[in-house]
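Protein chains: 2
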Amino acid sequence: MVINKIRIAVDAMGGDHAPESQVLGAIQAARERFDKIEVILVGDENKIKEIIKSQSCSLENLLVVNASEVVTMDDSPSDAFKVKPGSSLTVGLKLQLDDKADAFISAGNTGAVLSASTLMLGRIKGVSRPTIGSLFPTDAGRTMMFDVGATVDCRPNHLLEFAQMGSIYMNYIFDIDKPRVGLLSVGEEKSKGNDLTLEAYKLLETSGLNFVGNVEGRDVLRGKVEVIVCDGFIGNIILKFAESVLDVLKSKFRQYADKGIRNKIKVAMAYGTLKNVIKDFDYEEYGGVPLLGVNGVSIIGHGKSTPLAMKNMIIRAQETVSRGVNEKIEAAIKK
Amino acid sequence: MVINKIRIAVDAMGGDHAPESQVLGAIQAARERFDKIEVILVGDENKIKEIIKSQSCSLENLLVVNASEVVTMDDSPSDAFKVKPGSSLTVGLKLQLDDKADAFISAGNTGAVLSASTLMLGRIKGVSRPTIGSLFPTDAGRTMMFDVGATVDCRPNHLLEFAQMGSIYMNYIFDIDKPRVGLLSVGEEKSKGNDLTLEAYKLLETSGLNFVGNVEGRDVLRGKVEVIVCDGFIGNIILKFAESVLDVLKSKFRQYADKGIRNKIKVAMAYGTLKNVIKDFDYEEYGGVPLLGVNGVSIIGHGKSTPLAMKNMIIRAQETVSRGVNEKIEAAIKK
Numbered sequence: 001m002v003i004n005k006i007r008i009a010v011d012a013m014g015g016d017h018a019p020e021s022q023v024l025g026a027i028q029a030a031r032e033r034f035d036k037i038e039v040i041l042v043g044d045e046n047k048i049k050e051i052i053k054s055q056s057c058s059l060e061n062l063l064v065v066n067a068s069e070v071v072t073m074d075d076s077p078s079d080a081f082k083v084k085p086g087s088s089l090t091v092g093l094k095l096q097l098d099d100k101a102d103a104f105i106s107a108g109n110t111g112a113v114l115s116a117s118t119l120m121l122g123r124i125k126g127v128s129r130p131t132i133g134s135l136f137p138t139d140a141g142r143t144m145m146f147d148v149g150a151t152v153d154c155r156p157n158h159l160l161e162f163a164q165m166g167s168i169y170m171n172y173i174f175d176i177d178k179p180r181v182g183l184l185s186v187g188e189e190k191s192k193g194n195d196l197t198l199e200a201y202k203l204l205e206t207s208g209l210n211f212v213g214n215v216e217g218r219d220v221l222r223g224k225v226e227v228i229v230c231d232g233f234i235g236n237i238i239l240k241f242a243e244s245v246l247d248v249l250k251s252k253f254r255q256y257a258d259k260g261i262r263n264k265i266k267v268a269m270a271y272g273t274l275k276n277v278i279k280d281f282d283y284e285e286y287g288g289v290p291l292l293g294v295n296g297v298s299i300i301g302h303g304k305s306t307p308l309a310m311k312n313m314i315i316r317a318q319e320t321v322s323r324g325v326n327e328k329i330e331a332a333i334k335k
Numbered sequence: 001m002v003i004n005k006i007r008i009a010v011d012a013m014g015g016d017h018a019p020e021s022q023v024l025g026a027i028q029a030a031r032e033r034f035d036k037i038e039v040i041l042v043g044d045e046n047k048i049k050e051i052i053k054s055q056s057c058s059l060e061n062l063l064v065v066n067a068s069e070v071v072t073m074d075d076s077p078s079d080a081f082k083v084k085p086g087s088s089l090t091v092g093l094k095l096q097l098d099d100k101a102d103a104f105i106s107a108g109n110t111g112a113v114l115s116a117s118t119l120m121l122g123r124i125k126g127v128s129r130p131t132i133g134s135l136f137p138t139d140a141g142r143t144m145m146f147d148v149g150a151t152v153d154c155r156p157n158h159l160l161e162f163a164q165m166g167s168i169y170m171n172y173i174f175d176i177d178k179p180r181v182g183l184l185s186v187g188e189e190k191s192k193g194n195d196l197t198l199e200a201y202k203l204l205e206t207s208g209l210n211f212v213g214n215v216e217g218r219d220v221l222r223g224k225v226e227v228i229v230c231d232g233f234i235g236n237i238i239l240k241f242a243e244s245v246l247d248v249l250k251s252k253f254r255q256y257a258d259k260g261i262r263n264k265i266k267v268a269m270a271y272g273t274l275k276n277v278i279k280d281f282d283y284e285e286y287g288g289v290p291l292l293g294v295n296g297v298s299i300i301g302h303g304k305s306t307p308l309a310m311k312n313m314i315i316r317a318q319e320t321v322s323r324g325v326n327e328k329i330e331a332a333i334k335k
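Protein chains in written order, with the working numbering: chain Y, 1 to 335; chain Z, 1 to 335.
Just chain Y, same shape as in the assembly:
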């Protein structure tokens, strides 16, 4: 019996450490899941093959598709994929349109990946706006926030759709039965919020989802819910703020250490402990952020993605396809 492998296109040129991290991560994934996936590295063929060769690697489920252009951080997010039709981004996404791949992952220019994915793949039938989810590690499990930047101006029904898509994702990817959904707002009471959330509250209440009401900024890291919905403008600002907190702490530690040798020793000791304590906050290990609502699979990684992060993104992409997340979204929205 031949089981069709899930085909995952990897943007080998996107990311701060591309193509090394990308290729190494792809090799790991292809090796670990030899029976289940086929990894298609998209980018500069020579460079990619050189790295594969350096790893003495010969895997028949690891393919290379050449792409001569590279989308960089300097390219305009909105039209990079058009301006550079030969880029690993455009070529990699097009594989899904041509039914040569089932999913695409990239750690490149986030805005460009987002625009290209949305415009090239189109939307799942019935979905008004796509959404990106980002995982926040919490005291009590995992919370994913939708949206963190795909749709900045939202109407109430967009937040409802984010809640539906987010619930399906948490259910089928993280095996959480009936994920609790919270609406990000400025107070717990139903009467607290802005025009958008007050209306969205009413839709969520009668949605059939496991909606538990409003959650506040202080609840994001506390694991009160598995899905937090908000417009992409707020979500993006909170995500970037959260990511900056650890950097600021590190900088504060350095400043303190610079004040003398005793401080330096204290910081050296404390820092090791801090690192252990906050390793749950390591955004790299979670397999990227999914773009939901597009008619295909696209997962966006952090620019700093390590080989491990890339491998995890590939596995996440496989699960998204094999567990039929998009089919479930289409069915849920239809209701």
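Careful: at least some of the hints might be erroneous.
To be verified - With a straight-line Cα cutoff of 20 Å, these simulated EDC-like cross-link-like pairs (lysine to aspartate or glutamate) come out:
no., chain 1, residue 1, chain 2, residue 2
1, Y, K53, Y, D99
2, Z, K224, Y, E20
3, Y, K250, Z, D247
4, Z, K190, Y, D99
5, Y, K250, Z, D258
6, Z, K240, Y, E216
7, Z, K250, Y, D247
8, Y, K240, Z, E50
9, Z, K192, Y, D153
10, Y, K125, Y, D99
Read the hints as simulated data drawn from the structure, not as lab findings.
Since chain Y is already given, all that's left is putting chain Z on it; use the hints.
Same frame as chain Y, now just chain Z:
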């Protein structure tokens, strides 16, 4: 020559440690600034006088005005001041209307203080919406975010007014010449944002303020600007998120310590260092958050306010009056 003292009404009953912290802070302020301020403690006369007596304190610039009711955290923010007309909140604010006080400070129910101040004091001529500012300690100075909860649904001109009021506050209270103003958004480019910020950008550009463009979530703690403007919905969520981060870190430290005696020792050592490192993040020392745009002076403190925090709030109130912040706001808005 008689210099009129600035009269500051203090809500003695508002706060987690009321009236002790409130009265002790008032005594400190009255003592330190004997020549310049008169402190009016508003609340349960007997309890207040008992605490004053226990401090063997007899200051002629420390007065008591009785108020028999107390607004608690269970009272509805929007109408607590009406439902409890005899409360320290209502009586304390009314002193400004009767020209018996120049300012009011409270560490009580934030929403109730906000509503009461806005509705009882009214707005400065020309101001459309009031705003609350919250200070974020940064790597490179001080940044204040406006708005953090007074006005959740904003129009572009509201953000312009917040920028004007915030600039005046940072200029006259923190002595920062031409404070840099940033508009909180999802990208640095002018073209990035939501409908609200794209319009507000245009107004800020031609405002005559020291507007430096958009700032992102990651910039909030980096001190790139002194004034950050955003709608009160986002500002409130970010503020509460920021406040929760340290709590979450503490909880993570505890969990790590619970895993064994070696961890416990490591955490004990690291924790002392962490405390030193993050003491700039101590929101208590900054003298409360000002409510700007109301026709009077109202400063809102953290529920946990210590005597030191209360003292700092009183001094902040004195400066707000003596430096004519409201007059400067009125003049700026008129332009």
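Now for the hints, and whether the structure bears them out:
no.: 1; hint: K53(Y) - D99(Y); result: 28 Å, violated
no.: 2; hint: K224(Z) - E20(Y); result: 34 Å, violated
no.: 3; hint: K250(Y) - D247(Z); result: 17 Å, holds
no.: 4; hint: K190(Z) - D99(Y); result: 38 Å, violated
no.: 5; hint: K250(Y) - D258(Z); result: 24 Å, violated
no.: 6; hint: K240(Z) - E216(Y); result: 7 Å, holds
no.: 7; hint: K250(Z) - D247(Y); result: 17 Å, holds
no.: 8; hint: K240(Y) - E50(Z); result: 50 Å, violated
no.: 9; hint: K192(Z) - D153(Y); result: 12 Å, holds
no.: 10; hint: K125(Y) - D99(Y); result: 18 Å, holds
Hint compliance for this structure: hints 1, 2, 4, 5 and 8 are not met, and every other hint is.
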